[in-house]
Amino acid sequence: MTTASPTPRATAGRRTGRFALGVAIIAVPLLLALLGPVFAGEPGPRAVSFTLGGGHWLGTDFVGRDVWRQVLHGGRPVVLTALGAGVLAYLVALPVGLAAALTHRRWLEELLMRPLDVLIAVPSLLLILLVASVFTPGAVGLALLVALVNVPDAARLVRAAATEAAARPVVEALRLQGESWWRTAFGCVGRGILRTLGADAGTRLTGVLYLVATAAFLGVGVEPDAADWAVMVDRNRTGLFVQPWAVVVPALLIVALTTGTNLLFDAALERTAPRTPGARRGRKERRP
Amino acid sequence: MSGSGLRSFVARRLLLGAAQTVAVVLLVFALTEALPGDAAIALAGDQPDPERVAAIREALLLDRPVLERLGDWAAGLAHGDFGTSLASGRPVSRYIADGFGPTLLLAALTVALLVPIGFGLGVLAARHEGGLVDRLVSGLTLAVYAVPEFALGVLLVTVFALRLGWLPPTAVGYGTDLLAHPAALVLPVLVLLSRPVCSLVRLVRAGMVDALASPYAAHARRYGVPGARVRYAHALPNALAPAAQQLARTVDWLLCGVIVVEALFVVPGLGTVLLNAVAERDVPVVQGLAVVFGVLTVVLNLGADVIAHRLAPRAGVAA
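Chains B and W supply the protein sequences, listed in that same order.
For the first sequence, position 240 (counting from the first letter as 1) is numbered 240 according to my numbering, and the numbering increases by one without interruption.
For the second sequence, position 41 (counting from the first letter as 1) is numbered 1041 according to my numbering, and the numbering increases by one without interruption.
By construction, these hints were calculated from the structure, which means they are not laboratory data.
Here a beta-carbon is modelled for each residue, glycine too, at the ideal position from N, C-alpha and C.
Hints should not be assumed to be uniformly reliable.
Unchecked claim - A few chain W positions that, by computed beta-carbon distances, are all more than 10 Å from chain B:
hint	residue
1	G1005
2	F1009
3	P1050
4	G1080
5	R1090
6	A1097
7	L1136
8	V1157
9	A1183
10	Y1232
11	A1233
12	V1260
13	R1281
14	D1282
Unchecked claim - Some but not every residue of chain B turned toward chain W, in silico, with C-beta under 10 Å:
hint	residue
15	T16
16	V48
17	L52
18	H56
19	G84
20	L127
21	L129
22	G207
23	L211
24	V220
25	L252
Using the sequences provided together with the hints, build the complete structure.
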């Protein structure tokens, strides 16, 4: 190689630095989301819409509520819905992907994977809006929808990784020993694909956060006056020129949450990843 | 690469595309069937007076059997007849024709800027691998990559429209002729570009770094082939294949982005039409737009997969 490579120690130091940066960026929104409702206290009387000062640290919102109190309450729905959707997506994708990879019946594999190829064609936000035009999904409905649009890609990934893991001699040995299918699938192959799954979880969580926040911004799965950072950005936009804090603070928190998640996972994965050239290629670049 | 291999791949991919198109049409139709109870009453929403319910029933032909309606609707689609709006009684095709211009403009501008910026920055970062420029580009793209468009958008509006007053905050008042008001297009296109550019830059950079470190690049250098020639004639084509596939995936992002950006900057395009129809539960308009968006995605993905396969037949594009 003719290009100058940084020394291993410098690289390691920079990695630790990036990790710390990720933790620092995500700490504020995450702490607010988890502990905010505890410290929010009782709602005060409603004041005039879009005012600054007057005992309100960040002013008031479009219906005269205290913005700081809304901020304290608004992180939890975003984080919990996203986490729920991510977990749900894997709960479906793991068995489907494993079954498709480990079965010897070609028709079963086709039956499991082909419908996903079709579902993957529908743009994710379009599917969510389609459902929202007919039903009125709540937070749970939104989590289910976001999980659904993430299943095809996750199942494909699980299947690809599991097919590779299942071709190893140890799986063949287990089979010859007459170990049960479940033990082979979850005990051996499942453990073999953990690293791939870990790498995928970061991208997926980022994508899920993006979809949950964007759907809430467009009014899907939330009450029109909900305490939710994305809803706050949407509803308080009308007063942006009078009272920017009601928009800027929740928007910044969402930026910090998504960016922090991405930086953190990237740094964490680089720490554990084997240091072979090209191993990093294409990891972060899959669709959300 | 043998010609028959490519041809059979294209044939299989076309078959999948056709299946996806049919599935999109079926899925969109199935949603009206999924309405709990009487669809007409559910759609009449807040004012379920008998007159409106009857009108909806007639407009959606709810009295006829499901399969007959599906057949009629699909046949209409094939002829460009998308039905009529429940809210206004205007044909859905008019809605699509009205919103098409601004959306196409936004999408075309974004893609036209996306490709040069993405490849330029990616190659630049790869050339200075490990250096300051590379760290700056890589860090910035990693940070911005995950940020939802609406959050980035309102922050940019706050800075550039509110604080600095350089650009208009929304496209309100400019109508559909946005090209005459380029200042109103800057922020929307910038926001639309943010995510796709980041992913493309990272991909091109990774591909270029791998290619430049490969034995054939080293060999070319040893023969005294000039650096620029090694970079652009030998390494870049190999970095192209994954990037071409990524461009296809970008279609999905662009679509999400267009809907959000049009809502944020009040651009009267297809995304705004879709959001209004969703809010009004105007099912025929939603169906029509969903079919247009869905089929567009299928076709663009198909095209990109074929190009990616042509560039790197061993990459194993799923089909």
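query: Which numbered conditions among the earlier hints are violated in the structure presented, ordered from lowest to highest?
result: Hints 8, 12, 13, 14, 15, 16, 17, 18, 19 not satisfied by this model.
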